[in-house]
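Chemist: Sequence:
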Amino acid sequence: MAAYLVILISALIFYAQIPFADAKIPYASIDFEHITARNGLPSPVVYDMIQDRHGFLWFATGNGVSRFNGYEFTNYTANAGDAHSIGKGPVVQLLLDSRNTIWATSLSTGLYRFDEENDRFLFIRHDPENTNSMPSDTAYSIDEDASGNLWISTLDAGIVRYNPDTKVYTRYQHDPDNPDSLASNATVAIFCDSQGHIWISTVKNGFMKFDPTTEKFLHYLPGMPHAISIIEDQFNDIWIPTMGHGVYRYIRNEDRFVSYVHDSNDPNSISHNQVIKAFEDRSGTVWLTTWGGGFNIYDRENDRFVSYKHDPANPFSINHNSTWGVYEDHSGVIWVGTYGAGVNKFDRKKERFKVMRHYPGQHNSLSHSSVKTIHEDGDGIFWIGTLGGGMSQYNPKTGAFRHFKHDPANPNSITHNSVWNIVEDFRQNLWIGTENGLDMYDKERDRFYHFKADKTDPNSLSSDLIRSVMIDDQDQLWVGTQLHGADRLNLKGITDFKKVRFENLPVIGGHNSVLFQDSDRSVWIANQNLFRFDNTKNQFVKWEFRPADQRIAPQGLITHIAEDKDKLLWIGTTSSLFSLERKTNELKRYGPQQGLNYASIASLRVYPPDHLWISTRKGLSVMDLAGGKIKNYELGVFNRGAALTAEDGNLYFGGIHGMVSFSPNKITDNPHIPNIVITSFKKMNKEFDTGSPLPLLRDLKLSYEDRFFSFDFAALDFSDPDKNRYKYRLLGFDDNWVQVDSSRRFAAYTNLDAGNYRLQVLGSNNDGVWNDKGISIDIAITPPWWESKWFYSAVILLIAIIVALTIWYVLRLRFEINERQRVEKFLRDSEEKYRDVVEGTTDLITCVDENGNLSFVNSMANKIYGLSPEQCIGRSAFDFIHPLDREMTDAWFSECVTARLTDGTIENRHVNSQTGDMFILLWTANFHYYDDGRIKLVNSIARDITERKNMEQIIIQSEKMLSVGGLAAGMAHEINNPLAGVIQNASVMSNRLMNKEMPANIRAAESLGTKMDVITGFMESRGIPRMIRAITESSSRIASIVENMLSFARKGDSSFSGHHPEELMDKSLELAGTDYDLKKRYDFKTIIITKEYEAELPLFACEGSKIQQVLLNILNNGAHAMFTKASSDSNYTPRFILRLAHNRDTDMVEIEIEDNGTGMDEKTRKNIFEPFFTTKPVGEGTGLGLSVSYFIISENHNGTIDVLSEPGKWTKFIIHLPVKGKAKNS
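Take 1 as the starting number for the sequence shown in the numbering used here and just add one per residue.
The set of hints was computed from the structure by calculation and includes no laboratory data. Check before you lean on any hint, since a few could be wrong.
What the hints assert, rightly or not - Derived DEER-like restraints, expressed as beta-carbon distance ranges: (1) K88 - I297: 50 to 60 Å; (2) D669 - G148: 34 to 44 Å; (3) F235 - R53: 25 to 35 Å; (4) R820 - F791: 30 to 40 Å; (5) A80 - N178: 40 to 50 Å; (6) F733 - I807: 45 to 55 Å; (7) E33 - K88: 28 to 38 Å; (8) N685 - F733: 12 to 22 Å.
Remember, predicted model here, so these are calculated numbers, not experimental data. C-beta atoms are modelled at their ideal positions from N, C-alpha and C, and glycine is treated no differently.
Using the sequences and the accompanying hints, generate a full structural model.
Modeler: Listed below in structure tokens is the structure:
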């Protein structure tokens, strides 16, 4: 399974690198808003989305889960330092179950449940030892059936049903012996349909339906690639996207499958065969995401697919072609996740405003982004003039474009690429005003006629800078120019367009941007002023406003004029909007104060019966002419004069980013009422744990010390969160509402008095639909204790008591003083006695509480524990006991408590934590109990018996050594007797066999018929003399050894006598060389001995046998250490270096014994002379040898013995003995 996952991930990475062709952008394109990692997403990969009961959006990403409030993300990602964080890796699916619990699945770490109370995800772990657990930690898909059971698919352990009420897991896995079982344990998608069936896709074994009533799996499409998702649409059909075979649709009422695959020759086929997910929105539209082909929408009526792909030239297209999850939130916003570019947001309510744009390099789009004029001809064809791209022809029936651009090499091309106006005459010819003259386009002949200003021809245009063009009801063409007024041309009498005569009509001022004919057939022209054409005078006359209206009269350029059903003229300018009642000449002004989103007006369109649509540099606005209410829509920057009311009633407005069209009857407010939530609560600008999840917070208690607190809030409508509005108040502090926009979604309060308050927050969506219930939180601020009612009551009572007791107090004062003095003296005396007894004693006194911790210890703690009494208080009494004695002490303590003894004694060892010295203590303890038998406290006195114990062991060792000495003496005497016979007989044998001159030998040889020469020759040839000499030499050596043993055993005489240091050392070496280890661990004779003896060493006074005992002990210990090292190092050679010297300054004999063995660490070195301390294995040493040696040198001989060592390299013992020694009294 793991290998398959590696292959799958590798394949996805490979496909992600394949470039895909740009999608063909249709007119009704979908405009997306892009939310990426730069906005706070923890990963650019978004697999799935849900919305919880509060209204938060949740995103499953490539790096954990993210919660979104429309403004900020709260990310739940892996945190190595937090055991409750979500696991590392992608989270592929989210589910909000019927209990409002959020579940998340992860390929790498398994199943998670969101713990809302603690704001964290809990890992539902697979337990190999428990069958009632998740079968695997590779959960992929999760769904809930009608009974509330959860169904989870895994990649390696089949599927599992989990009942949240009973906490029971039921596993379903592949059984090769059961054809009705699951086809494979490698499962991916799982889905619970409306009829109670469970649909499952496997990795390699097709697709199946499970019937819970029969517990049988029905297999479908065994060769089908795995499906990542499965859905059921409103017609109960099942959609199964696959990773390679497009999408299957199971038509349930016909019990058949329909396959949809990509066909490169069919633009109506699905865009890619690797289909990730299917989703049906609330309108019944099925969305299909793909790996590399963008996404598709299924046109059910025509059984075809419309595909949408990323277009680098279109910033509003889907921003990645590998799309994943699709979701529709509560307000109808569609969210599309991608594999690498975050999430795309599409507000279907904004689809009411359709946008036609220019896409560079794509012929089937506008020729330029900036649209200046729009015209619809009698055939329903749209002609669109642009500022820089010429003119575009658009056929809405076919979606086809044709572009007309200026070509200097083609005189039949349009005059200029900046087209300001397009109108159509009764011959269906188009008249086009440009930056370089007037054109007439003959649609029938497909050719342009050009009209230019000619200073030599008074009948030509007055200027080539055309700003407005209009045809009145008399078929007269009116042309407004930049600088030279207007030109008029009667179109009816023209038979030859090469010979036309324009009539020039001067207009005061310049930039005649507006021509308009009202319902009374009057013609108006406007620049910075307003003019009406006077037919009788055949000239334009300036309109004069009433003197009372001069202060509000239009300022700046007039940009557009419209007329409503009441014949009211609406005049747009670069500074405001005006209405003009011509009969009364009443002028009214409308600007941002009246609700307009921007003061500079671009275009106007009256939509029957009573709405005025206004385009500005900041979007569109619509005014209800009956009530004057204005609503704004931020849709970009619009151009002046670019507006059209089409035959079908739709309105069109041109702007710098294309052309917007819509049906006014379909423009309705967003009806979604958003939930209001608190997103943050802070005290002193720091996040504050309220004790309850913020979305559930309804009451809060604060201290008077919380002088400054603030809170953030959000209205959870995601259509356009920046346009959501808010108001809040804190009842009890201020009853007035504070209104704010989305940039100030917070409020702060400081220095509030103690009391009860109610925080209320209301919010609206982008269209001003308010949640009037909002959210309320009761806040209680507790007063300081000195302002509380009980404090005031206590003060009054206290004053009364003080007054009442004053007299009594005065009378008792003297008695109290005398009594206090007496008690103080008694306490001082008692304290002094206590201090003398407790602190003056040489015993350790302790008190241990019911928890086993020291509650009192006297000053002897400094000596025994190496800590002050204060440092000991609160620590466990067992902390100070030697580790080897703790078990014994604990057993003794338990026996005493079990038997409810009131006292007891015990000996144990304690180690000083500072010096490392060990103390042996004799404890006398008194036990005190509660009534229920539990220990209450233990009072103890401990006496230091360390020195006594050491002396006892030394005496025992000495007695052992005396016994050994006596045994050695007895053995020596017993050996000497037979040894003397051996030596004597060996001498006799040598004489009788080898002495040729001995008369007795000569006679014996002759009596046997031979000679001594023959006998001695024979003996020599057989090696008999050599053997006899060996017997003699060995016997002499035995005699010498016996003599040394007798010398060592003479301990009865403890008097000091003079000894040569070198003799004592050599005798000790000789004894060490004969001290065989029965286990044959080493052979002392193989050790290299290096002697560094100073010449002419003096005699020194000592007990020779005891000094030999010390030297022999050190030599044996050194040999043991060296042969321990030799056992692990075949190239190692053991060596002793023996040094003898005389320090004349101190008159001391200096003895050094150095070995190259294992050495010792500092801790061992410090404890080496302690009784019972040994580094040898259990049973191989008493730990008394060196402690006895220390006693012999320091106490018996008034000398010193010390040890130096480097671990792993060497150890050196150094002994100093006085030449004129005098033993201490021991």
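Chemist: A separate judgement is required for each hint: does it hold in the structure or not?
Modeler: Each hint tested on the structure:
1. Distance hint for K88 and I297: a CB-CB separation of about 36 Å, inconsistent with the stated range 50 to 60 Å.
2. A hinted range of 34 to 44 Å for the beta carbons of D669 and G148 is consistent with their spacing of about 37 Å.
3. At about 29 Å, the beta-carbon gap between F235 and R53 stays in the expected band of 25 to 35 Å.
4. At roughly 31 Å, the beta-carbon separation of R820 and F791 lies within the given 30 to 40 Å, and the hint holds.
5. At roughly 44 Å, the beta-carbon separation of A80 and N178 lies within the given 40 to 50 Å, and the hint holds.
6. As the Cβ distance of F733 to I807 is approximately 49 Å, the hint placing it in 45 to 55 Å holds.
7. Remark: the range hint 28 to 38 Å for E33 to K88 is upheld by a beta-carbon distance near 30 Å.
8. In this structure the hint that N685 and F733 lie 12 to 22 Å apart at CB holds, the actual value being about 20 Å.
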